[in-house]
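Residues per chain are reported as follows:
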Amino acid sequence: MSSEEGGMTDTTEKHEHDHETPQQGAISDFGIDTTSQSTGEAVRDYWARVRGGELGSLPALLGLVVLLVVFSALSPTFFTLGNLANLLQQGASITIIAMGLVFVLLLGEIDLSAGTASGVTAAVMALHLINNGNLLGGMGDTVFYVFCGLLVLAIVLASVMKIWAGAVLSAIALVIAAVGIPANAWLEMLLAICVGAAIGSITGFLVAKVGIPSFVVTLALFLVWGGVVLQFIGDGGTLGLRDDTIFNVANGNLNFVGSWALFVISVGGYAAIVLIRHFSRLRKGLVAQPTSLVMAKIGALAVLAAVITYALSLNRAPSDLVIIEGVPYVVPLVLVLLVIGTFVLDRTSYGRHVYAVGGNKEAARRAGINVERIRMSVFVIASSAAAIGAIVYSSKVGSVDPNAGAGNTLLLSVGAAVIGGTSLFGGKGRLRDAVIGGAVLAIIQNGMGLLKQPAAVVFIVTGLVLLLAASVDALSRRRAATAAR
Amino acid sequence: MSEPILELRGINKSFGPVHVLHDIDLDVHPGEVTALVGDNGAGKSTLVKCIAGIHPTDSGEVLFAGEPVHIKGPRDAADLGIEVVYQDLALADNLDIVQNMFLGRERTKGGLLDETDMEQAARKTLASLSVRTVKSVRTQVSSLSGGQRQTVAIAKAVLWNSKVVLLDEPTAALGVAQTRQVLDLVRRLAEQGLGVVLISHNMNDVFEVADKIACLYLGRMAAVVGSKDVTHGQVVELITAGRSGDLGIARPEAATI
Chain P
1 MSSEEGGMTD TTEKHEHDHE TPQQGAISDF GIDTTSQSTG EAVRDYWARV
51 RGGELGSLPA LLGLVVLLVV FSALSPTFFT LGNLANLLQQ GASITIIAMG
101 LVFVLLLGEI DLSAGTASGV TAAVMALHLI NNGNLLGGMG DTVFYVFCGL
151 LVLAIVLASV MKIWAGAVLS AIALVIAAVG IPANAWLEML LAICVGAAIG
201 SITGFLVAKV GIPSFVVTLA LFLVWGGVVL QFIGDGGTLG LRDDTIFNVA
251 NGNLNFVGSW ALFVISVGGY AAIVLIRHFS RLRKGLVAQP TSLVMAKIGA
301 LAVLAAVITY ALSLNRAPSD LVIIEGVPYV VPLVLVLLVI GTFVLDRTSY
351 GRHVYAVGGN KEAARRAGIN VERIRMSVFV IASSAAAIGA IVYSSKVGSV
401 DPNAGAGNTL LLSVGAAVIG GTSLFGGKGR LRDAVIGGAV LAIIQNGMGL
451 LKQPAAVVFI VTGLVLLLAA SVDALSRRRA ATAAR
Chain H
1 MSEPILELRG INKSFGPVHV LHDIDLDVHP GEVTALVGDN GAGKSTLVKC
51 IAGIHPTDSG EVLFAGEPVH IKGPRDAADL GIEVVYQDLA LADNLDIVQN
101 MFLGRERTKG GLLDETDMEQ AARKTLASLS VRTVKSVRTQ VSSLSGGQRQ
151 TVAIAKAVLW NSKVVLLDEP TAALGVAQTR QVLDLVRRLA EQGLGVVLIS
201 HNMNDVFEVA DKIACLYLGR MAAVVGSKDV THGQVVELIT AGRSGDLGIA
251 RPEAATI
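Listed in order, the protein sequences are those of chains P and H. Read left to right, the first sequence gives residues 1 to 485 (the numbering used here). Read left to right, the second sequence gives residues 1 to 257 (the numbering used here).
Simulated from the structure, these hints should not be mistaken for lab results. There may be inaccurate statements among the hints.
To be verified - To give an idea of the interface, some chain P residues facing chain H are shown, with a C-beta separation under 8 Å as derived from the structure:
{"no.": "1", "residue": "355"}
{"no.": "2", "residue": "358"}
{"no.": "3", "residue": "396"}
{"no.": "4", "residue": "480"}
Unchecked claim - Distance condition first, Cα-Cα at most 25 Å in a straight line; then the derived SDA-like pairs of lysine to any residue:
{"no.": "5", "chain 1": "P", "residue 1": "162", "chain 2": "H", "residue 2": "73"}
{"no.": "6", "chain 1": "H", "residue 1": "109", "chain 2": "H", "residue 2": "79"}
{"no.": "7", "chain 1": "P", "residue 1": "361", "chain 2": "H", "residue 2": "56"}
{"no.": "8", "chain 1": "P", "residue 1": "297", "chain 2": "P", "residue 2": "283"}
{"no.": "9", "chain 1": "H", "residue 1": "109", "chain 2": "P", "residue 2": "371"}
{"no.": "10", "chain 1": "H", "residue 1": "72", "chain 2": "P", "residue 2": "372"}
{"no.": "11", "chain 1": "H", "residue 1": "212", "chain 2": "H", "residue 2": "41"}
{"no.": "12", "chain 1": "P", "residue 1": "361", "chain 2": "H", "residue 2": "172"}
{"no.": "13", "chain 1": "H", "residue 1": "72", "chain 2": "P", "residue 2": "211"}
{"no.": "14", "chain 1": "P", "residue 1": "297", "chain 2": "H", "residue 2": "113"}
{"no.": "15", "chain 1": "H", "residue 1": "124", "chain 2": "H", "residue 2": "139"}
{"no.": "16", "chain 1": "H", "residue 1": "135", "chain 2": "P", "residue 2": "45"}
{"no.": "17", "chain 1": "H", "residue 1": "135", "chain 2": "P", "residue 2": "41"}
{"no.": "18", "chain 1": "H", "residue 1": "72", "chain 2": "P", "residue 2": "43"}
{"no.": "19", "chain 1": "H", "residue 1": "109", "chain 2": "H", "residue 2": "159"}
{"no.": "20", "chain 1": "H", "residue 1": "135", "chain 2": "P", "residue 2": "43"}
{"no.": "21", "chain 1": "P", "residue 1": "284", "chain 2": "H", "residue 2": "139"}
{"no.": "22", "chain 1": "H", "residue 1": "124", "chain 2": "P", "residue 2": "277"}
{"no.": "23", "chain 1": "P", "residue 1": "452", "chain 2": "P", "residue 2": "465"}
{"no.": "24", "chain 1": "H", "residue 1": "72", "chain 2": "H", "residue 2": "16"}
{"no.": "25", "chain 1": "P", "residue 1": "209", "chain 2": "P", "residue 2": "362"}
{"no.": "26", "chain 1": "P", "residue 1": "361", "chain 2": "P", "residue 2": "164"}
{"no.": "27", "chain 1": "H", "residue 1": "72", "chain 2": "H", "residue 2": "14"}
{"no.": "28", "chain 1": "H", "residue 1": "124", "chain 2": "P", "residue 2": "278"}
{"no.": "29", "chain 1": "P", "residue 1": "361", "chain 2": "P", "residue 2": "478"}
{"no.": "30", "chain 1": "H", "residue 1": "135", "chain 2": "P", "residue 2": "478"}
{"no.": "31", "chain 1": "P", "residue 1": "162", "chain 2": "H", "residue 2": "172"}
{"no.": "32", "chain 1": "H", "residue 1": "49", "chain 2": "P", "residue 2": "41"}
{"no.": "33", "chain 1": "P", "residue 1": "396", "chain 2": "P", "residue 2": "258"}
{"no.": "34", "chain 1": "H", "residue 1": "212", "chain 2": "H", "residue 2": "245"}
{"no.": "35", "chain 1": "P", "residue 1": "209", "chain 2": "P", "residue 2": "361"}
{"no.": "36", "chain 1": "H", "residue 1": "109", "chain 2": "H", "residue 2": "158"}
{"no.": "37", "chain 1": "P", "residue 1": "162", "chain 2": "H", "residue 2": "104"}
{"no.": "38", "chain 1": "P", "residue 1": "297", "chain 2": "P", "residue 2": "361"}
{"no.": "39", "chain 1": "H", "residue 1": "212", "chain 2": "H", "residue 2": "226"}
{"no.": "40", "chain 1": "P", "residue 1": "162", "chain 2": "H", "residue 2": "226"}
Everything numeric in this text was worked out from a predicted model, so none of it was measured. We put the beta carbon where it would ideally sit given N, CA and C, even for glycine.
Could you build all of it, start to finish, from the sequences and the hints given here?
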């Protein structure tokens, strides 16, 4: 595939930037538009973009490598199989919440309430399980009716803004709460996600339609939801989650066959989608990356995935009495969410509109995009994702306490998204940023713990890493602003 | 003379107590460039935004191809075939050229974005306008120069087979060569049979490309004249005083309220 794949262009001569010498009325071809590049050109292009301030997730990937090397050198237990799986399970909930927050950050907004909102969903899930579906009994009359009232409010608000997914999920939550179906782990998890969607509808409406800055709305709701969790659980109480299905979400593993099936499906699926798209673009003469680069990317990913799958399918139990092996369930969970989310952002009009509103709200409005609807919808997505995160961390701990989702859950999630390369200024970011950033934070927390560092040091280091990531974001943005024009 | 494609009849617009537009009448003919001139605050941009559906009008009638229409939002205007190129260039910096040209009206196939179709259409349109300065249609808008951005914004209008294109000071921030390029593009739009409205402060630009000149003075239409029938000086007088000899508002002093 050389540059002869001209497509619409008849001439293959490449003019340099010649806009200083326009020929009046000359009808020429779209002369310097190139559709395919050589590998060298692509690498140079990428390097030029990096120098121009578009770093993407490059700093986070470099950081990841450095952290892996440093901790492996300092701690003998860090690079063991058991710890590797442990890392994945520890980082999963933060990563999932961060993936939801990427949507909010893409608009240049923030959701400070995602942490405590996830706590609310976890508490509702636990109440439903413990009281065998009788939420009325679990919450008490007043609280239950207020809870149902808020769900109705969420349905109304989401319907007014025509966010049907939010309305339907809120309605499902209302039905589950009102009907009192006996406890079932899957139902409880669905309930948690639906309550999350309802919370997001209320947050989103206040931000998008009422017009309160998201910082203030979510700061206020951060306190409110924190109080609600306390009300649901009671002072000093803890709601234990004694259910195998829920326990397995964060602690279970795929069996040997399942692990390799996951490898085949994910790598094969990725390769198939990327290659089919790549060759169809080349055939139609569209802008495409060089084939060698595409192949190299797929190859690198396949090797990495194979190594990880192999390592995780070995027995990693610390004693000989039990066998712990296989890829943890959280890995396919995160992968599925990543694929769905990336697909929505990259391949649907909705995703395109999210980027457009984040890049230039006024331009999006003039293009006829319903900006308010987009702004509200991202909060629904963020809170629903927070609920999934809540399921994972409750499963990991095995209980829900009054501090669920409080503390540094939120900061770590926002941190994961930002460290991964999502801009706090909106318009730039991808879902995989949340995964990379989540990995960085999980490694810091885990590695520092293994080195027996006190909590004080862990907090300070985590905070400084976040600050560093935010600085990189701000500086690269400034660089991009001066590089253009 | 052909039938006007867009007619404004008695348009009024107030922002609170400020009466910005008084009984504006304007005809836009296909294949013609109508220049809209006036001092700062004369209401040029407001008039364009009213036509584009950004601001609702208080009273008055808009006729499109002879039919009365109600434009309630940017989407209505776009559906009629009215495209606006704004002074502050309504482009999203973080998207590429193709994505910007199709923003809000993405082509989809089975619910998914049809990138192939969009990219080919964008390239064809840019080629038909002799745009030769863009390295790739997948270049991010943030890395384009002012003239290139203007070109993309204008090409968007052509892509959508618009009938009327409103350009709000397209050359305000451009250098000499780029201005030249944009003016050529404006002329080419008219030659393709579109009705073009050009807002400009630059008299040289106006006399170079416009067939008709409409002068706004303090929110009133002072005069609509053929660009060959007036001199540079007369237009400046119309802009600054609202009248010039026989042309313009009868007694501008009384008209200021």
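Checked hints:
The beta carbon of residue 355 (chain P) is positioned within 8 Å of a beta carbon in chain H (closest approach about 6 Å), and the interface hint is therefore held. Among the interface hints, the one on residue 358 (chain P) holds; its C-beta lies about 7 Å from the nearest C-beta in chain H, closer than the 8 Å criterion. Evaluation of the residue 396 (chain P) hint against chain H yields a violated restraint, the C-beta minimum of about 36 Å exceeding 8 Å. Evaluation of the residue 480 (chain P) hint against chain H yields a held restraint, the C-beta minimum of about 7 Å falling below 8 Å.
As the CA atoms of residue 162 (chain P) and residue 73 (chain H) are separated by approximately 18 Å, the hinted pair is consistent with the 25 Å bound. About 20 Å separates the Cα atoms of residue 109 (chain H) and residue 79 (chain H), which keeps this hinted pair within 25 Å; it holds. Taking the CA atoms of residue 361 (chain P) and residue 56 (chain H), the gap is near 20 Å; set against the 25 Å cutoff, the hint holds. Only pairs whose Cα atoms come within 25 Å are accepted, and residue 297 (chain P) paired with residue 283 (chain P) is accepted, the gap being roughly 20 Å.
Of the supplied pair hints, the one linking residue 109 (chain H) and residue 371 (chain P) holds, its CA atoms being roughly 23 Å apart against a limit of 25 Å. As the CA atoms of residue 72 (chain H) and residue 372 (chain P) are separated by approximately 17 Å, the hinted pair is consistent with the 25 Å bound. For the given pair, residue 212 (chain H) sits about 21 Å from residue 41 (chain H) by alpha-carbon distance, which is consistent with the 25 Å threshold. Under the criterion of a C-alpha separation no larger than 25 Å, the hint pairing residue 361 (chain P) with residue 172 (chain H) is consistent with the structure, at around 22 Å.
Taken as a hint, the residue 72 (chain H) and residue 211 (chain P) pair is honoured in the structure, with Cα atoms around 22 Å apart against an allowance of 25 Å. For the proposed pair residue 297 (chain P) and residue 113 (chain H), the alpha carbon gap of about 24 Å is at most 25 Å, so the pair holds. At most 25 Å may separate the alpha-carbon atoms for a hinted pair to count; residue 124 (chain H) and residue 139 (chain H) meet this at roughly 16 Å. Taking the CA atoms of residue 135 (chain H) and residue 45 (chain P), the gap is about 12 Å. The hint holds against a cut of 25 Å.
The suggested pairing of residue 135 (chain H) with residue 41 (chain P) holds, with an alpha-carbon distance near 13 Å, which does not exceed 25 Å. As the CA atoms of residue 72 (chain H) and residue 43 (chain P) are separated by approximately 48 Å, the hinted pair breaks the 25 Å bound. Our distance criterion of 25 Å between C-alpha atoms is met by residue 109 (chain H) and residue 159 (chain H), whose separation comes to about 19 Å. Distance restraint check for residue 135 (chain H) and residue 43 (chain P): the Cα-Cα separation of roughly 16 Å lies within the 25 Å cut-off, and the hinted pair is therefore satisfied.
Taking the CA atoms of residue 284 (chain P) and residue 139 (chain H), the gap is about 18 Å. The hint holds against a cut of 25 Å. Between residue 124 (chain H) and residue 277 (chain P) the CA atoms are separated by roughly 21 Å; this keeps the pair inside 25 Å, and the hint holds. With a C-alpha separation of about 19 Å, the suggested pairing of residue 452 (chain P) with residue 465 (chain P) holds against the 25 Å cut-off. Between the alpha carbons of residue 72 (chain H) and residue 16 (chain H) the distance comes to roughly 19 Å, so the proposed pair stays at or under 25 Å and holds.
Our distance criterion of 25 Å between C-alpha atoms is met by residue 209 (chain P) and residue 362 (chain P), whose separation comes to about 16 Å. Of the pairs offered as hints, the one joining residue 361 (chain P) and residue 164 (chain P) holds, with about 23 Å between alpha carbons and a cut-off of 25 Å not exceeded. For the suggested pair residue 72 (chain H) and residue 14 (chain H), the alpha carbons sit about 16 Å apart, so the restraint of at most 25 Å is met. Of the supplied pair hints, the one linking residue 124 (chain H) and residue 278 (chain P) holds, its CA atoms being roughly 21 Å apart against a limit of 25 Å.
The hinted pair formed by residue 361 (chain P) and residue 478 (chain P) meets the criterion: a straight-line CA distance of about 20 Å does not exceed 25 Å. For the given pair, residue 135 (chain H) sits about 24 Å from residue 478 (chain P) by alpha-carbon distance, which is consistent with the 25 Å threshold. About 40 Å separates the Cα atoms of residue 162 (chain P) and residue 172 (chain H), which puts this hinted pair outside 25 Å; it is violated. Taken as a hint, the residue 49 (chain H) and residue 41 (chain P) pair is broken in the structure, with Cα atoms around 43 Å apart against an allowance of 25 Å.
Restraint check for residue 396 (chain P) and residue 258 (chain P): the C-alpha separation of about 21 Å stays at or below 25 Å, so the hint holds. Restraint check for residue 212 (chain H) and residue 245 (chain H): satisfied, since their Cα atoms lie roughly 18 Å apart, inside the 25 Å limit. For the hint linking residue 209 (chain P) to residue 361 (chain P), the alpha-carbon distance of about 15 Å falls within 25 Å, and the restraint holds. Under the criterion of a C-alpha separation no larger than 25 Å, the hint pairing residue 109 (chain H) with residue 158 (chain H) is consistent with the structure, at around 22 Å.
Restraint check for residue 162 (chain P) and residue 104 (chain H): the C-alpha separation of about 17 Å stays at or below 25 Å, so the hint holds. Taking the CA atoms of residue 297 (chain P) and residue 361 (chain P), the gap is about 34 Å. The hint is violated against a cut of 25 Å. For the proposed pair residue 212 (chain H) and residue 226 (chain H), the alpha carbon gap of about 4 Å is at most 25 Å, so the pair holds. With a CA separation close to 49 Å, the supplied pair residue 162 (chain P) and residue 226 (chain H) exceeds the 25 Å bound.
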